[in-house]
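Between the sequences and the hints, there should be enough to build the whole structure, so can you do that?
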Amino acid sequence: MSEEFKLTSVEEMEAATNRLLETGAKVGADAWQLRVKNQTPHCKFGEKGICCRICAMGPCRITPKAPRGICGCDADGIVGRNYLKFTAGGGATHSDHGREICHTLYQAKPDGAYKVKDPEKLIRIAKEWGVETEGRDIYDLAHEMAETALLEYGKPFGNQRWLKRAPEHTQEIWQREEIAPRAIDREVACSLHMTHMGCSSKPEALIRQSLRMGLADGWGGSMCGTEFSDVLFGTPKPIDTEANLGVMVEENVNIVVHGHDPSLSEMVCEYADDPEMIAYAKTKGAKGITVSGVCCTSNEVAMRRGVPMAGNFLQQENVVLTGACEAIVVDVQCIFPALGPLSKCFHTKFITTSPIAQMPDSEFIRFNAATAAENAKAIVKMAIDNFENRKPELVHIPQIKQKATVGYSVEALVKVLDGVANTQVDEMGTTKPLIECITSGVIRGAVAMVGCNNPKVRPDYAHIEMMKKLIANDIVIVASGCSAQAAAKAGLMDKRAKDLCGAGLKRVCELADIPPVLHMGSCVDISRMMILVATLAKDSGLNISQLPVVGCAPEWMSEKAVSIGNYVVATGIDTFLGVDPYVAGSETVGKLLTEGVRDWVEAAYTVETDIEKLTDLMIERIEEKRKAIGI
Amino acid sequence: MTLFDVVFKGNDAVYGLTENAINDAIAKYGEDKAVSFPDTAYCLPCYYAVTGVKVTNLKELKEALGVVKTLMTRDQKLNDAFMSGVATALCAEFIEVLKYIDGAAPYAEPYYGHLADAIIRELGVPLVTGDIPGVAVILGKAPTAEEAVELVKSYQAQGILVTMVGECIDQCLSQGMKLGYGVRVVPLGADVTSVIHVVSVALRAALIFGNVAPGDAAALMKYTMDRVPAFVNAFAPLNEVIVACGAGAIALGFPVITNEETFRVPKSLIVQKDVSKFNATSLEARNIKIKITKIDIPVAFASAFEGEIIRRGDMQVEFDGSRVDCVELVHAKEMSEIEDHKIEVIGPDFDEFPVGSKQSIAYVVEVAGKNMQADFEPVFERKFHSYINCIEGVMHTGQRDMIRIRISKATFEAGFRAKDLGEVLYARIKSEFDAVVDKCQVKVITDPAECTRLRHEVAIPMFDKRDERLSTLTDETVDVYYSCIMCQAFSPSHVCVVTPERLGLCGAVSWFDAKATNELDPAGPCQIITKERVIDERIGEYEDVNEAVRKFSQGALEEVSLYSIMEKPMTSCGCFECICGIEPFSNGVVIANREYAGQTPLGMTFSELASMTGGGVQTPGFMGHGKHFIASKKFMKAEGGVQRIVWMPKDLKDQVGERLNATAKELYGIENFTDMIGDETIATDPETLVGFLTEKGHPALGLDPMM
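Keeping their order, the protein sequence lines are chains A and B.
With the working numbering applied, the first sequence covers 1 to 631.
With the working numbering applied, the second sequence covers 1 to 707.
No wet-lab data here; the hints were simulated from the structure.
Everything numeric in this text was worked out from a predicted model, so none of it was measured.
There may be inaccurate statements among the hints.
Derived, one-sided and incomplete: chain A residues facing chain B with beta-carbon distance under 7 angstroms [unchecked claim]:
| no. | residue |
| --- | --- |
| 1 | G419 |
| 2 | V420 |
| 3 | T423 |
| 4 | V425 |
| 5 | M428 |
| 6 | P433 |
| 7 | E436 |
| 8 | S440 |
| 9 | G441 |
| 10 | V442 |
| 11 | D474 |
| 12 | G502 |
| 13 | A503 |
| 14 | G504 |
| 15 | L511 |
Glycine included, every Cβ here is placed at the ideal spot set by N, Cα and C.
Dropping the structure here:
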């Protein structure tokens, strides 16, 4: 720790990107920066959410002269329907990821590629679900649990099992407002049914279903994804890693994993560590093998293995532009189709693996749980064989990276909190020490920073600048997804970043030995944040909506993000967005989301594209919540 | 009212009092009147330490108060509360210094008031060495005088320096307790402002010992937080002024423990309603570990007894892992699962055993700590040998499930019982590994059935798991080896070189263990040995290794090879699990393990073989080693490897067979190699053995002679 600690600025990151774009220009590569120019200005009807093309009579667009579509639907109905469809897309995506994990669990074997790495957690969940655990073989139990979880997707009656984890008060709200999600697939189907031509056009109904759809994701499919990933691959514990493009090693074979589902990347990491593979890489003139990650797959393997993070969403093209990427291996979600043509400008192999995400100009190695080991080995070998095809004149890896401590699952956080508790007076295994920090005012509150990058916002700038301001104000951050990676790249997950905090948060970081921005995982892992707030509410006796805690997605872009926003709000947490969710075309829908839903679920959205203002609004909201409960 | 509001209110009150006191003093003496504390070079030490400005008269004091006012910001943030706490402390110092105007002596027996620089210099060394493990600041009135005395005495017994303010002093005096610096209990004064005299000690310590520049407030607060092990015990009721002072203490890193129901802040402001637990709560909050210097057992405990031998005729009882089930084990657990200093005896005690009998024993030391790692378990276990040997009249050899302990008649007659064994293990683990062990409890088991269960169901799987971790590493894949000189008490010139494929000859120190030992205690028995300068790859000789061996054997040993028993073989201390020796008729080697009591084809028993080597002397042709090493690809690699093994006891064959067969298969393509190896059921003389080997086509017969 003797070297001087300094954050990496967004300017430095941009300079590194610009240098890579020069290489891109040399080889005639396309880049999102160029495509944004081609797509600007964006279609105003699309942006406002008032373009309707759900039937073949249209497309219809709402203008002052044409206030209704051919069927007679007004702007409120069109915007509401589009919003619900968007949500359903996100909820389906997360939930299907969760379903894949359940299938993988179903195929786990003691001597197979996939094993149960956290049997204790499996038993804990089984007890929660009332599944018999006494004297059971752990794999037998795993298979029953996987099947039970899979039934959550299509159960004919009843609500999601995970809902029971929420505080009583929250469960009551969900029942009262009729937004407690039923089978996950049913909520997707129901959403698409409602948005069919000639079904719902009433904004309240559409937004209500958006919330239920979101809850089916966050308290359904995503939670399955997170919880059973932990069972399979281990529950994350604090681990040191590094972040930004400088983690790629010029002398080594570089394999970049990208996407969301850890099943593939876990296996790739496994084989990249294999002495046989390392020896093979040496025969090809490399010094070793470096696996690094992009997007949430990266978050998954960083949390569990300390695998370094090459970058987040809008850096995916950069890893190829280094000229030192032998293979970029992708699973599902947030993968630019641009990677295909781009990889052709370099020696890079673009390897798609999932039937869900098939793309032109890629090598498709169909990955499945039964043949996972062989598939992963073939991928690693393909990357090694590709090392000699590098074009040395194109190789440039920007030498910027930061240290990060990641892996703060709820279980790990409770352990950290036990570390500052006093066994003479405190109950162990609770979140009470954190609650005490909050009620005493040492920490003012917490912000969950999540979401993507979006060229509409200067990439990473909002994430990093907001976090800096929040921690300086003694507000602790839990982060996930590309937001977490932005923090890691900047250095905000280095424990030394405590010196950028206010005195209160700094003291907490010192005593608990944590960084001020806590990495909780991938975007699916926002379900961890739900469990955390639920636990905080139960341990404090407050309602979730009373906690000085807010959520924020300043640079969001995907359908998943809207689904997340909906379940975060529906859980009782005020959510702050830096990008408008295509609802500007309807004042009614806008009002409903920013005010109306508060009557239903005790929380609502705030949309503000001025990042500075957005931060201040969050701080204000946190202080308001403190005042309301007299702390 | 928020916690911060309470602090602000207390701060405002003290500030008001200070302002009035200074104004009154100026009115009375004039601005130029000198102010100072006696016997200090630091003027108003707290103000000087925080601001770097020396205050010498009332005019400057008034200006200083203006500076203090700038600290009193009122945002609802911890920084504002901390600074207001500091401001409160500085105000207290101003009020106190006014008492000393004109060389007055405001504090009379029993109070000390301001403490001289000389006392701080005197405290420096014991604070650093841990002889004074902490400084308690006790404030206010205990619920009863008895509780006040009990609390102060509990700290006294731990060597903690106690400072007191307010009514607790009278309470102790009323009980006839002797107070004073000589007995490490310092009554500062009756007024709450007199607490500043202990703060002044802490801040001067930072200037004197910490080389903190006066005025560098950040460095000052870091020093006190990291280096001054002070804490506050404040009795209910707490008023705003005390809370404001408390904020100052917490700002400096000193936790406040109180029995008043108030806000709670982890590690900083702790509510403990039970005053009898103030001690334990405070030590845990400030991470103070008390070194146990005296072990409560009926015989002496000293390194003088470490090499003591107990003859058969002198022994009361013997525990012998080679004949019955014995085991020693360390187990890391969760903090909540352990009750510190709980010693449990399960089974009959020593006086229930017939004199001279052989019995089972198992002792399990369960530890917990926030920094404890499971990797440290075997490291602690390896220390048991030394700990138990240091007990007067007790002898310990071996390790893991192959231990032997003898207890002498004299020690038994002095009253030494099973519980005392637990006391020794508890005390030593707590004091030696205080960096990682916060809580420790010991189970001493003499019930034979339970010993059997523990050995086979708990310990052996655990040992196997530890060994298993090793099997994935090779000598080539690591960058460093480790030396181990844990048994130099017995064998002063022996040095083990521990590599992934060659564990220590005692069988108990693997490369991981050595690594963990080194991490726990970088100056301890296991040191890093680099392996950059190869001399001879065949026999595994390195210049770096030779240099290390020379250094750690104090020059007794010049060169060793890692993979040969003929050329520069590694030495043995005497703790080896196995010994191998050349068998000239078959060109092979015979291995005997410690548990094997019978004859070997060399015409010698294990004990006789053992006497040939040991003592840190190189004896080509004979070598001590661990069991695990037998199946290593590096075993006698220079002489052709494991194919040289021609005989070993059946029991040992069973233990290592599976792995040995795998190695032979991999190296030579031989299936079921152990079937070719003789044992005591086949031969205990060389002729029969060679006949058997010939019949089996043992590969050693076709190899070159070793000598």
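Now the hints, each set against the structure:
1. G419: With a closest approach of 5 angstroms, the G419/A hint holds.
2. V420: 4 angstroms, holds
3. T423: Where the cut-off is 7 angstroms and the nearest Cβ of chain B is about 6 angstroms from T423/A, the hint holds.
4. V425: It holds, given that the least Cβ distance between V425/A and chain B is near 5 angstroms, below 7 angstroms.
5. M428: For M428/A, the interface hint holds, since the closest Cβ of chain B sits about 5 angstroms away, which is under 7 angstroms.
6. P433: 4 angstroms, holds
7. E436: E436/A check passes; min Cβ-Cβ to chain B is 4 angstroms, inside 7 angstroms.
8. S440: 4 angstroms, holds
9. G441: 5 angstroms, holds
10. V442: With a minimum Cβ separation of about 5 angstroms from chain B (threshold 7 angstroms), the hint on V442/A holds.
11. D474: Constraint on D474/A satisfied, holds at 6 angstroms.
12. G502: 6 angstroms, holds
13. A503: This hint holds: A503/A lies near chain B, its Cβ roughly 4 angstroms from the closest one there, short of 7 angstroms.
14. G504: 3 angstroms, holds
15. L511: 5 angstroms, holds
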